[in-house]
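One-letter residues, chain by chain:
2 protein chains.
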Amino acid sequence: MPVTIKDVARRVGKSITTVSRALNDYDDVSSETKALVRRVAAEMGYTPNRTAQRLQKRRSDTIGLVLPTYGPRFSDPFFSEFLAGIGNQTADFGYDLLVSTRAPGDEEMEAYRRKVQGRQVDGLIVVRTRQQDPRVDYLRRIGFPFVAFGRVQGTLDFPFVDVDGEQGMRQLVRHLAEQGHRRIAYITPPSNLNFAQDRMAGFQAAMVEQGLALDPSLVVEGELTHRSGYQQTQRLLALADPPTAIVAGNDLMALGAMRAAQEIGLRVGADIAIAGFDNIPMAEHAHPPLTTVDQPIYTIGRMLSAMLIRIIRQEEVGEQQVLLQPSLVVRQSSGLVTQSKEGG
Amino acid sequence: MPVTIKDVARRVGKSITTVSRALNDYDDVSSETKALVRRVAAEMGYTPNRTAQRLQKRRSDTIGLVLPTYGPRFSDPFFSEFLAGIGNQTADFGYDLLVSTRAPGDEEMEAYRRKVQGRQVDGLIVVRTRQQDPRVDYLRRIGFPFVAFGRVQGTLDFPFVDVDGEQGMRQLVRHLAEQGHRRIAYITPPSNLNFAQDRMAGFQAAMVEQGLALDPSLVVEGELTHRSGYQQTQRLLALADPPTAIVAGNDLMALGAMRAAQEIGLRVGADIAIAGFDNIPMAEHAHPPLTTVDQPIYTIGRMLSAMLIRIIRQEEVGEQQVLLQPSLVVRQSSGLVTQSKEGG
DNA sequence: TTGAAAGCGCTAACAA
DNA sequence: TTGTTAGCGCTTTCAA
Numbered sequence: 002m003p004v005t006i007k008d009v010a011r012r013v014g015k016s017i018t019t020v021s022r023a024l025n026d027y028d029d030v031s032s033e034t035k036a037l038v039r040r041v042a043a044e045m046g047y048t049p050n051r052t053a054q055r056l057q058k059r060r061s062d063t064i065g066l067v068l069p070t071y072g073p074r075f076s077d078p079f080f081s082e083f084l085a086g087i088g089n090q091t092a093d094f095g096y097d098l099l100v101s102t103r104a105p106g107d108e109e110m111e112a113y114r115r116k117v118q119g120r121q122v123d124g125l126i127v128v129r130t131r132q133q134d135p136r137v138d139y140l141r142r143i144g145f146p147f148v149a150f151g152r153v154q155g156t157l158d159f160p161f162v163d164v165d166g167e168q169g170m171r172q173l174v175r176h177l178a179e180q181g182h183r184r185i186a187y188i189t190p191p192s193n194l195n196f197a198q199d200r201m202a203g204f205q206a207a208m209v210e211q212g213l214a215l216d217p218s219l220v221v222e223g224e225l226t227h228r229s230g231y232q233q234t235q236r237l238l239a240l241a242d243p244p245t246a247i248v249a250g251n252d253l254m255a256l257g258a259m260r261a262a263q264e265i266g267l268r269v270g271a272d273i274a275i276a277g278f279d280n281i282p283m284a285e286h287a288h289p290p291l292t293t294v295d296q297p298i299y300t301i302g303r304m305l306s307a308m309l310i311r312i313i314r315q316e317e318v319g320e321q322q323v324l325l326q327p328s329l330v331v332r333q334s335s336g337l338v339t340q341s342k343e344g345g
Numbered sequence: 002m003p004v005t006i007k008d009v010a011r012r013v014g015k016s017i018t019t020v021s022r023a024l025n026d027y028d029d030v031s032s033e034t035k036a037l038v039r040r041v042a043a044e045m046g047y048t049p050n051r052t053a054q055r056l057q058k059r060r061s062d063t064i065g066l067v068l069p070t071y072g073p074r075f076s077d078p079f080f081s082e083f084l085a086g087i088g089n090q091t092a093d094f095g096y097d098l099l100v101s102t103r104a105p106g107d108e109e110m111e112a113y114r115r116k117v118q119g120r121q122v123d124g125l126i127v128v129r130t131r132q133q134d135p136r137v138d139y140l141r142r143i144g145f146p147f148v149a150f151g152r153v154q155g156t157l158d159f160p161f162v163d164v165d166g167e168q169g170m171r172q173l174v175r176h177l178a179e180q181g182h183r184r185i186a187y188i189t190p191p192s193n194l195n196f197a198q199d200r201m202a203g204f205q206a207a208m209v210e211q212g213l214a215l216d217p218s219l220v221v222e223g224e225l226t227h228r229s230g231y232q233q234t235q236r237l238l239a240l241a242d243p244p245t246a247i248v249a250g251n252d253l254m255a256l257g258a259m260r261a262a263q264e265i266g267l268r269v270g271a272d273i274a275i276a277g278f279d280n281i282p283m284a285e286h287a288h289p290p291l292t293t294v295d296q297p298i299y300t301i302g303r304m305l306s307a308m309l310i311r312i313i314r315q316e317e318v319g320e321q322q323v324l325l326q327p328s329l330v331v332r333q334s335s336g337l338v339t340q341s342k343e344g345g
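As they're listed, the protein sequences go chains G and Z.
Sequential numbering of the first sequence, starting at 2, is according to the numbering used here.
Sequential numbering of the second sequence, starting at 2, is according to the numbering used here.
The hints are simulated quantities; they were obtained by calculation from the structure and are not laboratory data.
Computed from a predicted model, the values in this text were never measured in an experiment.
C-beta atoms are modelled at their ideal positions from N, C-alpha and C, and glycine is treated no differently.
Don't take every hint at face value.
Cut-off 25 Å, straight-line C-alpha distance, at most; resulting in silico cross-link-like pairs (DSS-like, lysine-lysine) [to be verified]:
{"#": "1", "chain 1": "Z", "residue 1": "K35", "chain 2": "Z", "residue 2": "K15"}
{"#": "2", "chain 1": "G", "residue 1": "K7", "chain 2": "Z", "residue 2": "K35"}
{"#": "3", "chain 1": "G", "residue 1": "K58", "chain 2": "Z", "residue 2": "K58"}
{"#": "4", "chain 1": "Z", "residue 1": "K7", "chain 2": "Z", "residue 2": "K35"}
{"#": "5", "chain 1": "G", "residue 1": "K7", "chain 2": "G", "residue 2": "K58"}
{"#": "6", "chain 1": "G", "residue 1": "K7", "chain 2": "G", "residue 2": "K35"}
{"#": "7", "chain 1": "Z", "residue 1": "K7", "chain 2": "G", "residue 2": "K58"}
{"#": "8", "chain 1": "Z", "residue 1": "K15", "chain 2": "Z", "residue 2": "K58"}
{"#": "9", "chain 1": "G", "residue 1": "K15", "chain 2": "G", "residue 2": "K58"}
Here are a few chain Z residues that sit away from chain G, every Cβ distance over 12 Å (derived from the structure) [what the hints assert, rightly or not]:
{"#": "10", "residue": "L37"}
{"#": "11", "residue": "A53"}
{"#": "12", "residue": "Q121"}
{"#": "13", "residue": "L213"}
{"#": "14", "residue": "G257"}
{"#": "15", "residue": "P282"}
{"#": "16", "residue": "A307"}
{"#": "17", "residue": "E317"}
{"#": "18", "residue": "Q321"}
{"#": "19", "residue": "V323"}
{"#": "20", "residue": "L325"}
{"#": "21", "residue": "Q326"}
{"#": "22", "residue": "L337"}
Per label pair, the in silico range of CB-to-CB distance [claimed, not checked]:
{"#": "23", "chain 1": "G", "residue 1": "D93", "chain 2": "Z", "residue 2": "G266", "range": "44 to 52 Å"}
{"#": "24", "chain 1": "G", "residue 1": "Q57", "chain 2": "Z", "residue 2": "G95", "range": "21 to 29 Å"}
{"#": "25", "chain 1": "Z", "residue 1": "P49", "chain 2": "G", "residue 2": "R141", "range": "20 to 28 Å"}
{"#": "26", "chain 1": "Z", "residue 1": "P217", "chain 2": "G", "residue 2": "D93", "range": "39 to 47 Å"}
{"#": "27", "chain 1": "Z", "residue 1": "A104", "chain 2": "G", "residue 2": "G46", "range": "22 to 30 Å"}
{"#": "28", "chain 1": "G", "residue 1": "Y71", "chain 2": "Z", "residue 2": "K58", "range": "48 to 56 Å"}
{"#": "29", "chain 1": "Z", "residue 1": "Q54", "chain 2": "G", "residue 2": "D158", "range": "31 to 39 Å"}
Construct the complete structure from the given sequences, taking the supplied hints into account.
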């Protein structure tokens, strides 16, 4: 049986009201009483029952996060870092974090509704926005506190943090063009994800800007996984006139692309250039190290959490729509186009 | 203002008790009343306040998980899959999952205490046990429901799921010995982690069993990261008499080891053999594909969650100490030792 | 400076 | 079959 405020009150010979006030540092309690109550409470190992506090205060001091997972072998180095950012910031604010894992779809929406309607959380973090995002629509419609990692198509009158994928992609393509590449392929993330559109726009704009041809056969769609990057790259390299550079919509796919290229004897960074997006820790340690676009994912997690809690507390939030400029990280995988290829 | 049971009661003209019973499908409510109540509740968009239910029932229907994170760039493909397993199983049972992220140490213990004493969770999952594990000691001492992923040194009178790392490592070393390797190095995980000891024992036993020398200079300690595997391998390869095979304590380190070897021109799977442990999705897609020991991490997550919930509900749990046999996955990274090396 | 009392939203024993 | 009542553990009026 856990010790309650009643037990403490009985022990110190005061009312539970006084104990509550002493513990919450109210002014109208004598310092002797305060000291006594605190000592006894500590001795007895008293910790307030959070559930009772919540019911009384009508808030949960908890934020929710529904991770969109795809299948059992869901394994994304991106999310773990993101989660660490959110988790640490949330704890720093004294909030708890309620996590669900659901594949996009009905069950996912159900998870959102349960959290909202059961008043389990005071706010939600929506991650990896879709172009048409039912989660954002829902939360916006009912006016429930939330922040999103990513934008959506249409009106942007909600709080979000996003990375300017268009600019990031432009930098990447520009860099590859400077290296002498003219046939640049792009493996886009699933097109329903909002950032896919963003990066695609950047890719196309930069190609045009650099005076390069937009060959439709060099743009394929992948699934953000290593395997998918591998498969799509095999296809690209089997073309009659294969690309000399491949940009993948995320690092995981880029790593898969590297493997596909290496398997057929190409030297990545010499015979072919490959680049990714995210700058996951492994990018730096790939062989060769992967050129990519850095997203400060841990920081973004912290920002989102802090922003959401300020919104919940109705404090000054500052900028509600944050668009971060990503930075190009040039490593060896995007080397100069070789003579033989250039001649081809 | 969210709709409460009171609102529903007023609307149907019944007492809140009747509404509660109708909604919870008690036998002693007429089917007409039940139907009416349910219809009205649905119309009004009523969802029970979980906090109030919890306070009344004196349980949270929530399980807790404190992820041990190391620094901001915490990025482990292992954990995301593990989390998916736990999350999905937990949701299937109608439980919620409360997640914290803390580096091992005082703050971590504090997170455990807060969850327990604030009655925020009905049980906890302890992940990545240490040889001497204060989390396990604490939970055991106070008799709070928990399950652990991994064993500890000493008495094992608590529920856990673990993978038999000793057997896994034996298989791996045996395999390498069969490939003709005699100088096999081992990059061990941090020695305070329980599974490190386990795998080390397997490594040493298998070496002896195979009649191979245990050269102390070939056993080094890494930090489970890609970077660490890379650095330790550089050191191993710089030895006067370097190993022909390197076993890493996890896949991330093995991937780092591969890079270090490749950087100095070694062909992994030909000039040198490299193997890992875990079988993360990326292992299959490494270049060359990584020989490793498979841990069914998603399944382990599900098992732990199911086991914990049964313990909480005081149901039949079945086997409380589960030791899974891992399986060797032979891929190309552990090829035969080449002639030149064998002669050296 | 303290305590009594009400009430957060719900469930459940008991009575009718 | 239904309603009354009590109470989960806490905070917060209000009164003393």
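Okay, the hints, checked on the actual structure:
Of the pairs offered as hints, the one joining K35 of chain Z and K15 of chain Z holds, with about 11 Å between alpha carbons and a cut-off of 25 Å not exceeded. For the hint pairing K7 of chain G with K35 of chain Z, the CA-to-CA distance comes to about 38 Å; that exceeds 25 Å, so the pair is violated. Among the hinted pairs, K58 of chain G with K58 of chain Z is consistent with the structure: their alpha-carbon atoms are about 19 Å apart, no more than 25 Å. This hinted pair checks out: K7 of chain Z and K35 of chain Z have alpha carbons roughly 16 Å apart, not beyond 25 Å.
For the hint linking K7 of chain G to K58 of chain G, the alpha-carbon distance of about 19 Å falls within 25 Å, and the restraint holds. With a C-alpha separation of about 16 Å, the suggested pairing of K7 of chain G with K35 of chain G holds against the 25 Å cut-off. At roughly 19 Å between alpha-carbon atoms, K7 of chain Z and K58 of chain G fall within 25 Å of each other, so this suggested pair holds. Pair hint K15 of chain Z plus K58 of chain Z holds up; C-alpha atoms about 23 Å apart against a cutoff of 25 Å.
Under the criterion of a C-alpha separation no larger than 25 Å, the hint pairing K15 of chain G with K58 of chain G is consistent with the structure, at around 23 Å. Listed as a non-interface residue, L37 of chain Z keeps its Cβ farther than 12 Å from every Cβ of chain G; the least gap is roughly 21 Å. Not every CB of chain G lies more than 12 Å from the CB of A53 of chain Z, the least distance being 6 Å, so the non-interface label is violated. Not every beta carbon of chain G lies more than 12 Å from that of Q121 of chain Z, the smallest distance being close to 5 Å; the non-interface claim is violated.
Remark: the non-interface label on L213 of chain Z is consistent with the geometry, its nearest Cβ contact in chain G lying 29 Å away (cut-off 12 Å). A cut-off of 12 Å between C-beta atoms contradicts the statement that G257 of chain Z is not in contact with chain G; the least separation is 6 Å. Residue-level check failed: P282 of chain Z sits 5 Å from the nearest beta carbon of chain G, not beyond 12 Å. Every CB of chain G lies more than 12 Å from the CB of A307 of chain Z, the least distance being 15 Å, so the non-interface label holds.
Look at E317 of chain Z: its CB is around 26 Å from the nearest CB on chain G, clear of 12 Å, so calling it non-interface holds up. With a cut of 12 Å on Cβ distances, Q321 of chain Z stays outside the contact zone with chain G, its closest approach being about 24 Å. The non-interface label for V323 of chain Z is consistent with chain G: the shortest C-beta to C-beta separation is roughly 19 Å, beyond 12 Å. The beta carbon of L325 of chain Z is kept farther than 12 Å from every beta carbon of chain G, the shortest such distance being approximately 16 Å.
At the 12 Å boundary, the C-beta of Q326 of chain Z stays outside the reach of chain G, the nearest C-beta of that chain being 20 Å off. The beta carbon of L337 of chain Z is kept farther than 12 Å from every beta carbon of chain G, the shortest such distance being approximately 20 Å. For the pair D93 of chain G and G266 of chain Z, the supplied restraint of 44 to 52 Å holds, since their beta-carbon distance comes to about 47 Å. Checked against the hint of 21 to 29 Å, the pair Q57 of chain G and G95 of chain Z passes, with Cβ atoms roughly 25 Å apart.
Checked against the hint of 20 to 28 Å, the C-beta distance between P49 of chain Z and R141 of chain G comes to roughly 25 Å, which is consistent with it. Here the CB-CB span from P217 of chain Z to D93 of chain G is close to 44 Å, well matched to the stated 39 to 47 Å. Checking the proposed 22 to 30 Å range against A104 of chain Z and G46 of chain G shows it holds: the Cβ atoms sit about 25 Å from each other. Taking 48 to 56 Å as the suggested C-beta distance range, the pair Y71 of chain G and K58 of chain Z does not conform, at roughly 35 Å.
Against the hinted window of 31 to 39 Å, the Cβ-Cβ separation of Q54 of chain Z and D158 of chain G comes to about 35 Å, which satisfies the hint.
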